[in-house]
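With these hints in hand, go ahead and build the complete structure from the sequences.
Residue numbers (the numbering used here), protein chains in the order written: chain A, 1 to 322; chain B, 1001 to 1315; chain C, 2001 to 2218.
Think of the hints as simulated: they come from the structure by calculation, not from any bench.
Please note that the accuracy of each hint is not assured.
For each label pair, taking beta carbons as the anchor points, the in silico distance ranges come out as [said to hold, decoys possible]:
#, chain 1, residue 1, chain 2, residue 2, range
1, A, L100, B, A1032, 36 to 44 angstroms
2, B, A1176, A, Q293, 48 to 56 angstroms
3, C, L2012, A, E214, 29 to 37 angstroms
4, B, A1288, C, A2032, 52 to 60 angstroms
With a Cα cut of at most 25 angstroms, we get these calculated DMTMM-like pairs of lysine to aspartate or glutamate [stated by the list, open to error]:
#, chain 1, residue 1, chain 2, residue 2
5, C, K2062, A, D314
6, C, K2062, B, E1066
7, C, K2160, C, E2208
8, C, K2062, B, E1199
9, C, K2083, A, E214
To give an idea of the interface, some chain C residues facing chain A are shown, with a C-beta separation under 10 angstroms as derived from the structure [claimed, not checked]:
#, residue
10, R2022
11, R2061
12, Q2064
13, F2090
14, S2091
15, A2136
Quantities reported herein were computed from a predicted structural model and do not represent experimental measurements.
Built from N, CA and C at the ideal position, the CB exists for glycine as well.
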Amino acid sequence: MSQMAETRPRLALSRDVLQAFYRLLAAALLCAALALASDAFLTLGNILNVLRQTALLFLMASGLTLVILTAGLDLSVGANIGLSACLAASVIQATGSAGLGVATGIGCGALIGICNGALVAWLRIPSFIATYGMMWMLTGVTYYYMAGETIHGFPPSFRQFGSGYLLGVPIPVYVMVLFLGIGTLFAQRTIWGQQIYALGANPEATRLSGVPVERRLLLVYTFSGAMAGLASLIILARINSAQGDIGEELTLPAIAAVLIGGTSLFGGSGSVSGTLIGALILTLVLNGMNLLQINASWQPLATGLIILLAVGIDTITRRTAP
Amino acid sequence: MSQIRTAALPALARVPGVAIVLVALLVGFSLAGPRFLTPANIANILMQSTVLILLALPMTLIIMTEGLDLSMGAVLTLASIALAMTVVATGSPALGFLAGLAVGLGFGLANGALVALIGIPPFIATLGTLGIAQGLALAVTDGQSVVGIPPSIERVYSGTLFAVPIPIIIGAAAYALGHLLLYHTRFGAAVFALGGNREALRLAGASDRAMLIVVYAVGGLMAGFGALLMTARMNSAHPTAGIGLEFDAIAAVAVGGTSFERGNGWLFGTLLGVVAVGVLRNGLNLLAVPSSAQVACIGALVILALFIDALRSRP
Amino acid sequence: MRAGEIVGLAGLVGSGRSEVARAIFGADRITAGEIRMFGAPMDGSPQDSARRGMALIPENRKTQGLALARSVGDNIVLAGLRKMFRSGIFSPRRATAAAQAVIERLRIATPSPRRTVGFLSGGNQQKVVVGKWLNAGARFFIFDEPTRGIDVGAKAEIFKLIDGLAREGAAILMISSEQSEIVHVCDRAYVMRAGRIAGELARQQLTEANIVRLGMHQ
Chain A
1 MSQMAETRPR LALSRDVLQA FYRLLAAALL CAALALASDA FLTLGNILNV LRQTALLFLM
61 ASGLTLVILT AGLDLSVGAN IGLSACLAAS VIQATGSAGL GVATGIGCGA LIGICNGALV
121 AWLRIPSFIA TYGMMWMLTG VTYYYMAGET IHGFPPSFRQ FGSGYLLGVP IPVYVMVLFL
181 GIGTLFAQRT IWGQQIYALG ANPEATRLSG VPVERRLLLV YTFSGAMAGL ASLIILARIN
241 SAQGDIGEEL TLPAIAAVLI GGTSLFGGSG SVSGTLIGAL ILTLVLNGMN LLQINASWQP
301 LATGLIILLA VGIDTITRRT AP
Chain B
1001 MSQIRTAALP ALARVPGVAI VLVALLVGFS LAGPRFLTPA NIANILMQST VLILLALPMT
1061 LIIMTEGLDL SMGAVLTLAS IALAMTVVAT GSPALGFLAG LAVGLGFGLA NGALVALIGI
1121 PPFIATLGTL GIAQGLALAV TDGQSVVGIP PSIERVYSGT LFAVPIPIII GAAAYALGHL
1181 LLYHTRFGAA VFALGGNREA LRLAGASDRA MLIVVYAVGG LMAGFGALLM TARMNSAHPT
1241 AGIGLEFDAI AAVAVGGTSF ERGNGWLFGT LLGVVAVGVL RNGLNLLAVP SSAQVACIGA
1301 LVILALFIDA LRSRP
Chain C
2001 MRAGEIVGLA GLVGSGRSEV ARAIFGADRI TAGEIRMFGA PMDGSPQDSA RRGMALIPEN
2061 RKTQGLALAR SVGDNIVLAG LRKMFRSGIF SPRRATAAAQ AVIERLRIAT PSPRRTVGFL
2121 SGGNQQKVVV GKWLNAGARF FIFDEPTRGI DVGAKAEIFK LIDGLAREGA AILMISSEQS
2181 EIVHVCDRAY VMRAGRIAGE LARQQLTEAN IVRLGMHQ
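In structure tokens, the structure reads:
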């Protein structure tokens, strides 16, 4: 498998930059196409909507990116959002305190993340099955807890998170930029980020190099859970109500955003900024479907197809790598 | 006892596990209420488990190849819609049944192709096809049920043959066929190899890819079969009817002792697992536990089974 | 083991040498006995071993020694990240410089530290693994079949490398199935048989015949 002849020089840095560029190009082309296809696309309202949706999707998917970087998967993201949102909503309603609600949401998300991490890191249960079981368990608990009811009406200070604007830009976008920075710095400029990339590329070699693999896995799942918790708060703030099925349709789009953004399911390559572009592209596709008045029922199908396409490309290009 | 490598004798080391769980559930629910341990209720449990057994059997094979099929529930739903719409349109139950089988087989082959030919990890491939099947079901029916199904279909569920309900016969036949296939044919040997030792299969000259495709195709086909039973039972087809069935199937396989990582499989364990899941659901129903909490309990059961499995495999 | 000595671990395939190596390094759990380094007992984990200056160059470098999809530089700095960047903040520039230094020291044939390590030849890949531990400041190296899958010319380079490490004061434990290698390179050797140490051979007794005799004696 080792070749002395270099058919194409693999300079890791420029390849990533090139791929990011292609993706941005794809996003730009999408925008152009949508602008041509529908008058409603370039309106201020729609653009702000796209920005807000992208921000939300990115926040959900940013933690997931780190998990997928370790060659793992967190299928419980949607269910996590559901439970965190409902618990946070109850707390806000009961105490009137937005601060407590925020703490509850993020705390619940992080706790779920810790459970996932423990199952994967210490019990060595494959991540897709552990988080799959967790997903159903959380969904069940959420429905049981809500018992079909809806919680409405949150204090305006809290609602600002989701619906508010600052300098004309929706607040979620600022949160998105903040976590884009945090996520990117963590992944590229800390030793833990480097260790996580190595873990994804080869867990055993990384362990034998003295990296505490279990602790890093726990870290990424906890972070993914906490980000889900954060995202749930923004959703709450936006729609101003909570019910049992909040998180249901969110797992697939989150995974899709990460995969479109170039992070490989097989671990070891990808980036948080890529996920941002992936979130943008997916949001544009779904937004376009809405504008073209395609029945919303087709959206899971489109997401599914996109995931398969992204993974297919990823798998096939992997075949030519070492 | 603790050092026995379970790879060598999967059945022996696992007999306690699922059997204990099943007995515990039976005892627990019997004590919890008088309506549980009646012949009518037991019969009810068995009848309701028949769709699940049709799914759990091929799921066992798939999991033995270190794979997973998350799309089974959605494919079953889509197949039932295809079946119902075809029967209503043509008046022929046979054509409807074939339509359902075709849908199931089609998705099964698609799953197999994605996993075996392109190399996409099974959970993501079937997650994608799940989305596609679900989307198609919703879009084609526009969210509405398909009704007006002739009674001939319904009789598949309610009818009897020699005083044995037809679904039970179908379930038993499926199990017998599965047992034969897995333990007494070369295909079965290939399935074992696919999980633990793919290299050996290739070296022996068999096509591991073809076998893998067949495994997923069988899964899809059985989903089509299950669609018949489910449509017969409900006498209608609804686009969200079968959602989540794959979870029960996976739970049954996990509780039954088949491991997700080492290519060990125990078909009888799956059968016991199916009964366990059926008992759990039935018992919780009788205790008026809402369906949502039931799902949570099954999820907890799966995690418990995985936990025990992980502990057993640690040296 | 003492600084500067090269100790061999010989024996037939299946005699348990790799297992011992992994146990010493902490990759697998120990059921009896104790490992001490510079007098202090070890925790028995790869993390502790690496931190204290122990290195394992595994038998299968592709699956256990390297992250093939990552670059040469990434692989070289992996074990030493904690030591190089105490605050946790990673500097790509410093990492590349450190990697470049190792590349030059070991004469690894690669156009740049950014080359994907999977494209290097077997011998150079092995050098990257050793380089990883040099960068981490290891003083005790465990080599498990260091020349497996490496062409003849590169083999000599690896031996020179091992010799150089010992001369700089590192202690080496070398596992090899090639008796000639053990005799050629090591100062003394242990021979294993069926999971236990069958005997020790000092410099004067270190011959291929003796290794075979101890390894097979029934």
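Hint numbers the structure violates, sorted upward?
As far as the earlier hints go, not one is violated by this structure.
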